[in-house]
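Novice: One letter stands for each residue in the lines below.
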Amino acid sequence: MNIVVCVKYVPDAQSERTFDSDNTTDRVGVDGLLSEIDEYAVEEALKIVEASDGEVTVVTMGPAQAADAVKKALQMGAHKGVHVSDEALHGSDAPATSLVLAEAIRKIGAPDLVITGMASTDGIMSVVPAMLAERLGLPQVTFASELTVEGDTVTIRRDGDVASETIVASLPALVSVTDQINEPRYPSFKGIMAAKKKPVEQWGLADLGVDAGQVGLDAAWTKVTEFAKRPPREKGTIVVDEGDGGTKLAEFLSAQKFL
Amino acid sequence: MSEVLVLVDHADGVVRKSTFELLTLARRLGDPSAVFVGEGGEAAAESLARYGAAKVYVVADPDVTAYLVAPQAEVLAQLVEQVSPAAVLVPASSVGKEVAARLAVKTGSGLITDAVDVRAGGEGVETTQSVFAGSYTVTATVTRGTPIIAVKPNSATPEEASAAGEVVPVEVSISDAAKAARITDTQPKKATGRPELTEAAIVVSGGRGTGGDFGPVEAFADSLGAAVGASRAAVDAGWYPHSNQVGQTGKQVSPQLYVAAGISGAIQHRAGMQTSKTIVAVNKDEEAPIFELVDFGVVGDLFNVLPQATEAVKAAKG
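From first to last, the protein sequence lines stand for chains A and B.
Under full-length UniProt numbering, the first residue of the first sequence is numbered 1, with each subsequent residue one higher.
Under full-length UniProt numbering, the first residue of the second sequence is numbered 1, with each subsequent residue one higher.
It is worth saying that the hints were derived from the structure and are not from the lab.
Do not take every clue at face value.
Stated by the list, open to error - Below 30 angstroms or equal to it, Euclidean Cα-Cα: the simulated BS3-like pairs (lysine-lysine) are:
(1) A/Lys223 - B/Lys277
(2) A/Lys235 - B/Lys277
(3) B/Lys284 - A/Lys235
(4) B/Lys314 - A/Lys107
(5) A/Lys257 - B/Lys284
(6) A/Lys107 - B/Lys179
(7) B/Lys314 - A/Lys235
(8) B/Lys284 - A/Lys223
(9) A/Lys257 - B/Lys317
Said to hold, decoys possible - Simulated coverage check for chain A against chain B, where a stretch passes if three residues somewhere in it have a Cβ under 8 angstroms from a Cβ of chain B:
(10) 90 to 99
(11) 126 to 139
Please read all numbers here as calculations on a predicted model, not as lab measurements.
Positions of the beta carbon are idealized from the N, C-alpha and C atoms, including for glycine.
Work out the full structure, taking the sequences as your base and the hints as a guide.
Specialist: As structure tokens, this is what we get:
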């Protein structure tokens, strides 16, 4: 079973995330890392391959720093990496990102499974997996909190707002996973050393046959016209419970007309 | 005026409040047309009309709901083709956003997710989003195709505006490719009698500080008619279901009142609740970062504070 895992290098939520002067997310001036939910995607792919055979290929699209996201996945145990990077990609929106990733997956070769995280931790749109399924013509099996592969069938549990669903599809398929699906491993020392020898391909748009006019900020189908830092919340009232904390809390709610 | 398509969110035919919010917002952009997928569309048309739906497109083909997401995107793509709407509004649920994603690719249209406001701007449909854990507010427009906007629950107050609500049955042809991921089983979540997390006006959440006992959190929530949420720590510990998780990898909520009990307020959690209007916290640790966000905080043990507050709320409500 060959699996492609799509991963994203994102600005660290613990650092001061911000925008560039062209209204795009600052991906260079801020500390970044492998998007946390993608670790669950990598872990799930490794578990599946370890239980059968085959290879896990990790693909990312992003600036030079995004190589770190691939490296982390290789340290966890993925077999090889692909880093799609091109000046022209700066400012790409979700449709362009899905276009490039779809072409990269085609070039890697027809995998049995494409696995992604349910969303990146920066944009939190959770639309690229569905777009990839649409573009690749694969069954969309998304938001998996449990996953089993048997023969050429994949089955997941998808927990929605009002119900928990079982979804079944034939391979090849596209799966996105939630953070409930497994417990990602930490890279071992051996894994970290081994990752240094694993192959990482560098691809530009020309390698994928994607026209630069289809991607990047100018080709985006949406446009951020303004961004503004929210004013910090005003410091509220804090009381120490001296046996009347609950009463005071209720008084506050009453004064605010919540009762 | 042009039509504005609104994808109806419903549970077994009962229309959810977020749909009335979408219809209210859609009126700013054109004439709202509801798109109802599943059984019970004709019965639902009355309530949809009350909130301004001039038309209710009803798609009853069982194939559309037997498979995940893809058929609904085909339905909307066919309607977009037929009526050339001014915009398509969908709920910013996981299904809503995924339907929107596929529709965007199919129609070559720009997609904005998690909008908290939608209006007619100088350059077409304009939206407001809250990003980076609520630390920035972003204004955006769609520059290509039909604007597709996924709107977060609680982004508008539903306002009634009676319209015709003409039921229009829609015959669709679903491709084989869209029938690839079959929904073989649906287990409704256990009814709690509480409002749904993302659309509740008040949310009371518990975290590590509950030590696994959500009793006081649930009792306080019930006194306020609130939904119950949980931090990731509480969910990871198996104390509460993942579908109730508030945070970066769970639900993003934006209620009128958010109460965090025994939750420290790590960025992971803040990403899910920071845009709440009023924030209250109860925590034993006075250094907990959650206190940086609050309008009112109690430094104390939730097992003392919440039961006392519950009784006081009950007394006040009579």
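Novice: Hints first: check each against the structure and report whether it holds.
Specialist: Status of each hint after checking the structure:
1. A/Lys223 - B/Lys277: Since the Cα atoms of A/Lys223 and B/Lys277 sit roughly 27 angstroms apart, the hinted pair holds (cutoff 30 angstroms).
2. A/Lys235 - B/Lys277: Judged against 30 angstroms, a Cα distance of about 14 angstroms means the pair holds.
3. B/Lys284 - A/Lys235: Cα-Cα ~19 angstroms, so holds.
4. B/Lys314 - A/Lys107: Violated, at roughly 64 angstroms.
5. A/Lys257 - B/Lys284: holds (26 angstroms)
6. A/Lys107 - B/Lys179: holds (26 angstroms)
7. B/Lys314 - A/Lys235: holds (28 angstroms)
8. B/Lys284 - A/Lys223: violated (44 angstroms)
9. A/Lys257 - B/Lys317: Distance ~11 angstroms between A/Lys257 and B/Lys317 Cα, so the pair holds.
10. 90 to 99: holds (count 4)
11. 126 to 139: With 12 residues closer than 8 angstroms to chain B, the segment 126 to 139 of chain A meets the three-residue bar; holds.
The structure shown violates the earlier hints numbered 4 and 8.
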